[in-house]
Amino acid sequence: MTQRFRSVFLAALCLFAASAAAQPACDVVASITSYEGQVSIKPARGVLKRSPGQAPSPLCAGDEVHTFAGRALIANGRFSVAVDRDSVALFKGAGLAGLAKGQALYEVQKRRAGQSVHVATRLSVIGVKGTRFLVRDQAEGVSVVLDQGVVDVRSTQGPLGLYREKAAARAQENDFEAYKRQAQEGVEREKAAFEAYKAQTEREFVAYVENMTLQAGRELAISGHIAVERAIAGESARQLEDLRVWLDLH
1 MTQRFRSVFL
11 AALCLFAASA
21 AAQPACDVVA
31 SITSYEGQVS
41 IKPARGVLKR
51 SPGQAPSPLC
61 AGDEVHTFAG
71 RALIANGRFS
81 VAVDRDSVAL
91 FKGAGLAGLA
101 KGQALYEVQK
111 RRAGQSVHVA
121 TRLSVIGVKG
131 TRFLVRDQAE
141 GVSVVLDQGV
151 VDVRSTQGPL
161 GLYREKAAAR
171 AQENDFEAYK
181 RQAQEGVERE
191 KAAFEAYKAQ
201 TEREFVAYVE
211 NMTLQAGREL
221 AISGHIAVER
231 AIAGESARQL
241 EDLRVWLDLH
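Letter by letter, the sequence shown follows residues 1 to 250 in the numbering used here.
Don't take every hint at face value.
Subject to a maximum C-alpha distance of 27 Å in a straight line, what follows is the list of computed BS3-like cross-link-like pairs (lysine-lysine) [unchecked claim]:
(1) K101 x K49
(2) K129 x K92
(3) K101 x K42
(4) K92 x K42
(5) K129 x K101
(6) K92 x K49
(7) K110 x K129
(8) K110 x K92
Derived CB-CB ranges, DEER-like [what the hints assert, rightly or not]:
(9) D242 x A100: 17 to 23 Å
(10) T33 x G62: 15 to 21 Å
(11) L249 x Q148: 15 to 21 Å
(12) E235 x C26: 17 to 23 Å
(13) G127 x E235: 21 to 27 Å
It should be emphasised that the hints constitute simulated quantities derived from the structure, not laboratory data. Backbone N, C-alpha and C define an ideal beta-carbon position, used for all residues, glycine too.
Use the sequences and the hints to build the structure in full.
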């Protein structure tokens with residue numbers, strides 16, 4: 001083999017390798033369109049994580065996106081997902097996503113026939129009808145926080161005891177007096193404790209169910225075999241707003 005032929009052969013080989021590396025060896029189900037901070041992709045057929053590189057970065061079916069001190073925005077035409085810090089998001093198909101850890105905000109376009117979208121968690125599967133919602137997978141359980149639209153939530157753990165949370169009825173003055181006598185503490189401390197007592201919520205048992213429909217402005221928290229539906233408030237509301245602003249900016 002002459003030196004000139006060897007050089008041409010090596011150049012062609014390098015060009016082929018670069019072209020192959022640029023094209024994912026799979027059907028692309030979504031792409032990382034934007035990210036910040038430390039983010040990596042764990043390929044479905046591999047063990048070693050890789051950097052997304054320059055966006056857009058394609059994702060194959062079964063790929064996982066791991067965020068550490070970063071965030072990532074993923075899209076595929078059917079939905080957009082803002083994956084928060086310290087989270088693991090999965091993409092199993094064009095209409096099937098998942099969350100294994102942390103939290104992510106999903107914004108799903110109104111679907112056409114045959115273009116359903118489902119989001120799987122370790123405790124449930126969420127069927128989507130064109131909406132925006134936050135999914136949180138924490139140590140205590142999984143919650144779905146619905147900002148817009150309607151979602152159907154199906155338990156993968158069998159029937160759940162569904163409770164609906166509501167504000168506790170306001171106690172009357174005689175209840176306060178009885179509470180004060182029982183506490184036998186200073187007046188100011190008693191009043192503070194009683195205000196906290198009044199602020200507690202009541203839970204009304206609804207039924208044992210496997211399928212639940214959630215409306216906008218509501219949150220469904222699942223822990224073990226208990227599901228609690230309530231109005232969005234507190235930390236859930238703050239996290240929803242934070243990711244919603246980040247998604248809109250990207």
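Status of the hints after comparison with the structure:
1. K101 x K49: holds (17 Å)
2. K129 x K92: holds (19 Å)
3. K101 x K42: holds (14 Å)
4. K92 x K42: holds (13 Å)
5. K129 x K101: Holds, at roughly 23 Å.
6. K92 x K49: Since the Cα atoms of K92 and K49 sit roughly 17 Å apart, the hinted pair holds (cutoff 27 Å).
7. K110 x K129: Within the cut-off at roughly 6 Å; holds.
8. K110 x K92: holds (20 Å)
9. D242 x A100: 17 to 23 Å: At roughly 21 Å between Cβ atoms, A100 and D242 fall inside 17 to 23 Å, so the hint holds.
10. T33 x G62: 15 to 21 Å: Holds: the Cβ-Cβ distance is about 19 Å, inside 15 to 21 Å.
11. L249 x Q148: 15 to 21 Å: At 18 Å between Cβs, range holds.
12. E235 x C26: 17 to 23 Å: violated (38 Å)
13. G127 x E235: 21 to 27 Å: The hint (21 to 27 Å, Cβ to Cβ) holds, given that G127 and E235 are roughly 25 Å apart.
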